[in-house]
Structure formats: C-alpha cells, structure tokens
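Here is how the chains run, residue by residue.
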Amino acid sequence: MAWTRDQMAARAARELRDGYYVNLGIGIPTLVANNIPPGMEVTLQSENGMLGIGPFPYEDEIDPDLINAGKQTISELPSSSYFGSEQSFAMIRGGHIDLTVLGAMEVSEKGDIANWMIPGKMVKGMGGAMDLVAGVKKIIVVMEHVSKNGDSKFIPECTLPLTGKDVVDMIVTDLCVFQRPDHQSPFRLIELAPGVTADEVAARTTARYEA
Amino acid sequence: MKKSYPDAAAALDGLLFDGMTICAGGFGLCGIPERLIDAVRESGVKDLIVVSNNAGIDNEGLGKLLRSRQIRKMISSYVGENKEFERQYLAGELEVEFCPQGTLAERCRAGGAGIPGFYTKTGVGTIVAEGKELKEFDGETYVLERGIRADLSIVKGWKADEAGNLVFRKTARNFNQPMATAGKVCVAEVEEIVAVGTLDPDCIHLPSIYVKRMLLGAPYEKKIEFRTTRTREAA
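Here the protein sequences line up with chains A and B, keeping their order.
The numbering of the first sequence is the numbering used here, which starts it at 439 and goes up by one.
The numbering of the second sequence is the numbering used here, which starts it at 45 and goes up by one.
Chain A extracted, bound-state conformation:
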C-alpha cells in the first residue's frame, strides 16, 4: 500500500534532529510540522520573517499581522522572533537553516529540481524556493511518485525550468525513498512503502538510481 500524504510527511519528519532549524514548503511539506517527534526541539522558520511558528490560532486569537509563507494565519510561541525579509533570507542563504522540505513537479537523477513554473500555463513565480535550495544544508523533496497522467516525476533530465541545479539530497514519494549521501553519488532506493515492491518502483521511474 502506498503512503498517504500524512505518511509521506511523517517519513520526511524522521530526518529531523533535536535542535534543528527547519523551513517547510507549502502543501504536503507543511504536514511535517504535525509529525515532529515528542520531546524533540525543532524550530520552524517562515521566510516572511519569523522563527518559531506556533500552531494555527484559536478563532478568537486570529491576527492578520501573523501569517506564514503560505499566507495562512498562525500563532507565536514564547521563543518566537520576528525580522525583515532581508534578515530572513540572510539566514537561509547563509547556510544557517538545517533542513528544508519542498514539493516538486520534477526531480532529475542529478538532483535538479523544478517546481516553480510551466511555460505558457502556470505563472506564479518561485517565491523563496530558489533561495532555499541554494542555501539550506539538507534538501528533501516530498512529491507523488507519478504525475496525474501517470508519468514518472523522478526523471533523467528536468523538462521544466529549474528551481535549482544539483541540490536535492532526498526524495520521499508515496511509493519509496531515494537518497544520495553526497552530490557526487547517484540516488539510491533506500526504503519502500509497505506492500510496494522494488519492481513496481522501477516500472514507474525513468530516472536511473541504485537499487
């Protein structure tokens, strides 16, 4: 049985370590916040200028001046701090964030990632994704294994405009986990979702990887 969105997030959460500063992207990556192991101290960064994201607020606590990068209302913690966008990206670009979890439309076998535009169709922009993949110490992509049309999303070469070149360290899909220990090594299939076979993964993947 393939992993659900929540289970994919939980798998990514297993990469968290005590004391980590982490930036989570929009979508499935946001669910990682619900899966932080009890007793572990993880500080979430929001690139619009906050360290220490709290849970969603109670209805009577909603504050329009307190939102995350997905423009959702959030709450603060006693340990939170606020800063401007220039400071926020100084900590991202400067290598001070330990881990980021992002969604993607495509990842190549060389670790390239494309997640910000489809020429002529989707024009939303890259937001902070290019800065995150350029500056954060460890980059995890969480995405469905295949597209809506059934095409592999982990592919030999990205076809869409890139967000970053040779930056991805780990890919968590609904079927399995790929990882590479360094950027010189190929990705390796390190884990299967329960009931999923390596042959099944191979049949749905066009990228080359070590089994």
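One should not assume that every hint holds.
To be verified - Derived DEER-like restraints, expressed as beta-carbon distance ranges:
| hint | chain 1 | residue 1 | chain 2 | residue 2 | range |
| --- | --- | --- | --- | --- | --- |
| 1 | A | Gly533 | B | Ser112 | 38 to 44 Å |
| 2 | A | His621 | B | Thr273 | 40 to 46 Å |
| 3 | A | Gly457 | B | Ile248 | 30 to 36 Å |
| 4 | B | Pro251 | A | Pro624 | 47 to 53 Å |
| 5 | B | Lys179 | A | Tyr496 | 37 to 43 Å |
| 6 | B | Leu134 | A | Thr597 | 18 to 24 Å |
| 7 | A | Thr597 | B | Ser112 | 36 to 42 Å |
| 8 | B | Arg85 | A | Lys559 | 26 to 32 Å |
| 9 | A | Asn587 | B | Thr275 | 34 to 40 Å |
| 10 | B | Asp244 | A | Gly533 | 29 to 35 Å |
| 11 | A | Thr597 | B | Val240 | 44 to 50 Å |
| 12 | B | Lys127 | A | Arg443 | 24 to 30 Å |
| 13 | A | Arg626 | B | Ile268 | 28 to 34 Å |
| 14 | B | Leu134 | A | His534 | 55 to 61 Å |
It should be emphasised that the hints constitute simulated quantities derived from the structure, not laboratory data.
Keep in mind it's a predicted model, so treat the numbers as computed, not measured.
Glycine included, C-beta positions come from ideal geometry on N, C-alpha and C.
Since chain A is already given, all that's left is putting chain B on it; use the hints.
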C-alpha cells in the same frame, strides 16, 4: 521639520511621475501600504515599474493598480492568487521580472546600502541567471545581481514617533524594512503616531533617517488571505 502629513495624497504630493519606479512593502496582503496604494491609484500616474514581493490579489493591494492599468512592469517573486495579473501577463500586456524572494530582499537592502551589486548562489543554473555575470568563489559558482534604487518607497508600519522612527508588528514587517531603504524618498503609513521619547530607542526597527514623510492610516480593516484555525477541545 514636520514629517507627518494629513493623508496619503498629501504625503505623496510632488513625488509621483509617469514611468517612475516604486518599491512597495508587504507580503501577500500582510503589511501592505494600502492607503498609499489607493492614493497612487487616485493620482492616475502611469507606466509604473513596481518592485514588490507579490502583486496583491484581485482588487486588493497592488491588484488595484493592475486593474487600473497603471503598472507597466512588476519585479516580484510570487504572483499567485491574482487572476488579473495572470491574464495581463499571459496576454503580453504586463512585463514581469521574476526575482527569487531572497534575492529581491537583498537587492533592495543592497541598493539602499549603496551596494550596486552582489554575488549569490541563488538561481545559478536556472533562467534567473541567464545573461548575468557568473563568478567562482572557493569552488562554487555565484551570479551577479544588481541592487535596486527606486524613485519612491511606500511602506506600512505599526507605530511611528514624530521623528519618524518606526516599529513594525509581527510578520507585517517582512519587505517593509528593506524596501524602505531602497527609495530616494520613503513614505510610511502607520497605525499610530506617538510623541518622541515614547518608543524605546533600543527597539526601533527602522531608524527615522529612512522615513521622509508619514501619515496616520488608521483605522485599518486588515485582510486575511487564508484564515486557518484550530478548535478548542471541550473541557
């Protein structure tokens, strides 16, 4: 010198001209200078180049200036949530320069700090770096990005003292801080203006030197893009 003006139109008097570049603070609809945006719209000034992380949403924030067709070019990192923007862009009516969010913040910070360009890893190997100078430092490739100087910055603060020292509130600070420094003139709208000596000098977010003019914009009806909550468990 009195920095406080009675309203946004008065605070912008003499500063607007066709074809000018404006840096606007805010992230989504959080911390946007809405009174000043309204006054720019009323002025009818056109062919604007607007530097802002987002482009508002349909008919809110900068979305109003898009609808009135006063913007010729946007420099932004993320413009989702705005149908009119997408329509104008895909129809070729609006020029857009997509700039990574951190690069955009740093371009404004640098421009305001007298730094005309800087090297960053962000965007190397992507279309963002196309046509720009690349340089290696310590075995890694970086791309040269230009600082931004604008004719005018418009920002939203929480509290100002009469001298123009500014304090922001929570995540409404965002781009207001770097944008305020990038303009030849910065006009700030705030929720409260207090007497000098009221704000702790150690806790000023934006020193008065950057704020040339300001206005009291209150009362505000702050908009929320995505209202997300949790429910209290019954006792």
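Hints versus structure:
Checking the proposed 38 to 44 Å range against Gly533/A and Ser112/B shows it holds: the Cβ atoms sit about 43 Å from each other. Restraint check, His621/A to Thr273/B: a C-beta distance of roughly 41 Å satisfies the suggested window 40 to 46 Å. At roughly 31 Å, the beta-carbon separation of Gly457/A and Ile248/B lies within the given 30 to 36 Å, and the hint holds. For Pro251/B and Pro624/A, the hinted distance range of 47 to 53 Å is satisfied, since their beta carbons lie about 52 Å from each other.
A beta carbon spacing of about 51 Å between Lys179/B and Tyr496/A contradicts the range 37 to 43 Å that was offered as a hint. For Leu134/B and Thr597/A, the hinted distance range of 18 to 24 Å is satisfied, since their beta carbons lie about 20 Å from each other. At about 38 Å, the beta-carbon gap between Thr597/A and Ser112/B stays in the expected band of 36 to 42 Å. The beta-carbon spacing between Arg85/B and Lys559/A, approximately 30 Å, falls within the hinted interval of 26 to 32 Å.
Take Asn587/A and Thr275/B: their Cβ atoms lie about 38 Å apart, and the range 34 to 40 Å holds. Hint check: Asp244/B to Gly533/A, Cβ distance near 32 Å, so the stated range 29 to 35 Å holds. Checked against the hint of 44 to 50 Å, the pair Thr597/A and Val240/B fails, with Cβ atoms roughly 59 Å apart. The hint said 24 to 30 Å for the Cβ distance between Lys127/B and Arg443/A, and at roughly 27 Å that hint holds.
Checked against the given bound of 28 to 34 Å, the beta carbons of Arg626/A and Ile268/B, roughly 44 Å apart, lie outside it. A C-beta distance of roughly 38 Å is found between Leu134/B and His534/A, which places it outside the suggested range of 55 to 61 Å.
Of the numbered hints given earlier, the model fails hints 5, 11, 13, 14; all others are met.
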